[in-house]
Amino acid sequence: MRYPSSCLNLSAGKQKIQIGNVSPFDVICDWRGWMTIQQRIDGGISFDRNWENYAFGFGDLEGDFWLGLDKLHQITNSTRQELQIFVRYSFNTSFYEYDNFKIASADEFYELKSLGNHKSKINYTQLQENTKFSTYDRNLGESLERCAEDGDGGWWYGKDCGKNLNSPYRQIRTTTGIQAKFVSMRIRPYTEKN
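Numbering (the numbering used here), first residue to last: 4 to 197.
Just so you know, the hints here were simulated from the structure itself, not pulled from any lab data. Certain hints may be false.
To be verified - With beta-carbon atoms standing in for the labels, derived distance ranges:
1. 98 / 64: 33 to 43 Å
2. 171 / 27: 24 to 34 Å
3. 92 / 35: 21 to 31 Å
4. 53 / 122: 13 to 23 Å
5. 95 / 120: 20 to 30 Å
What the hints assert, rightly or not - Computed list of lysine-lysine pairs in BS3-like fashion (alpha-carbon distance at most 25 Å, straight line):
6. 116 / 162
7. 19 / 74
8. 116 / 17
9. 162 / 122
10. 105 / 116
11. 105 / 74
12. 122 / 184
13. 162 / 135
14. 135 / 116
15. 116 / 74
16. 17 / 184
Cβ atoms here follow ideal geometry from the backbone N, Cα and C, with glycine treated the same way.
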């Protein structure tokens, strides 16, 4: 049986997709064709994980999880993808959207090759193109600080650590210190209509 390659035209909830000749895998589909690739609901699991965990994914699709860099590479290299970052605080919700999200292969350390143009009013500055992914056991960030080694979670670290969406759950905050209640990263195939 052949499965769809994205969440477009699939109902919300747990679905199975397939990219090329790779074995099908489960994903969470959301409204308007978005596929959730990272989610933080309650801090139930630590995102301070090793390279292998980030490469192949971890967590529970119905709770806190990371889909996996290997799958992200396959998806973002099969067709152009939009990225949406969604952060809910107790008093508001923030969306950050980019129109060309692309991740390199493991041989290139899952480098963040492209974000494209940001479609939201504010650019989420903790994502920087041409940065390699880092974990505590494979620190490839540009910063002189050892971001991933200091327990900040795996991420595409640029010149400074900052806070990222994989930081310890209680540390994901606004610049004024308001803690996030829910965080997710979602992708979907890019179309002019989106």
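Comparing the hints with the structure gives:
Separated by about 22 Å at the C-beta atoms, residue 98 and residue 64 break the suggested range of 33 to 43 Å. About 33 Å separates the C-beta atoms of residue 171 and residue 27, a value consistent with the hinted range of 24 to 34 Å. Range check, residue 92 to residue 35: about 22 Å between beta-carbon atoms, so the 21 to 31 Å window is met. At roughly 34 Å, the beta-carbon separation of residue 53 and residue 122 lies outside the given 13 to 23 Å, and the hint is violated.
Between residue 95 and residue 120 the beta carbon distance is about 24 Å. The supplied range of 20 to 30 Å therefore holds. About 16 Å separates the Cα atoms of residue 116 and residue 162, which keeps this hinted pair within 25 Å; it holds. Using a Cα cut-off of 25 Å, the hinted pair residue 19 and residue 74 holds, with the two alpha carbons roughly 13 Å apart. At roughly 28 Å between alpha-carbon atoms, residue 116 and residue 17 are farther apart than 25 Å, so this suggested pair is violated.
Under the criterion of a C-alpha separation no larger than 25 Å, the hint pairing residue 162 with residue 122 is consistent with the structure, at around 24 Å. Proximity of residue 105 to residue 116 is assessed by CA-CA distance (about 5 Å); at most 25 Å being required, the pair is judged to hold. Proposed proximity of residue 105 and residue 74 is supported: the alpha carbons are some 12 Å apart, at most 25 Å. Straight-line distance between C-alpha atoms of residue 122 and residue 184 comes to about 23 Å, which keeps the hinted pair within the 25 Å bound.
Distance hint between residue 162 and residue 135 is fulfilled; the C-alpha atoms sit about 12 Å from each other, no more than 25 Å. As the CA atoms of residue 135 and residue 116 are separated by approximately 9 Å, the hinted pair is consistent with the 25 Å bound. For the hint linking residue 116 to residue 74, the alpha-carbon distance of about 15 Å falls within 25 Å, and the restraint holds. Of the pairs offered as hints, the one joining residue 17 and residue 184 holds, with about 22 Å between alpha carbons and a cut-off of 25 Å not exceeded.
In this structure, the earlier hints numbered 1, 4, 8 are contradicted, and the remaining ones agree with it.
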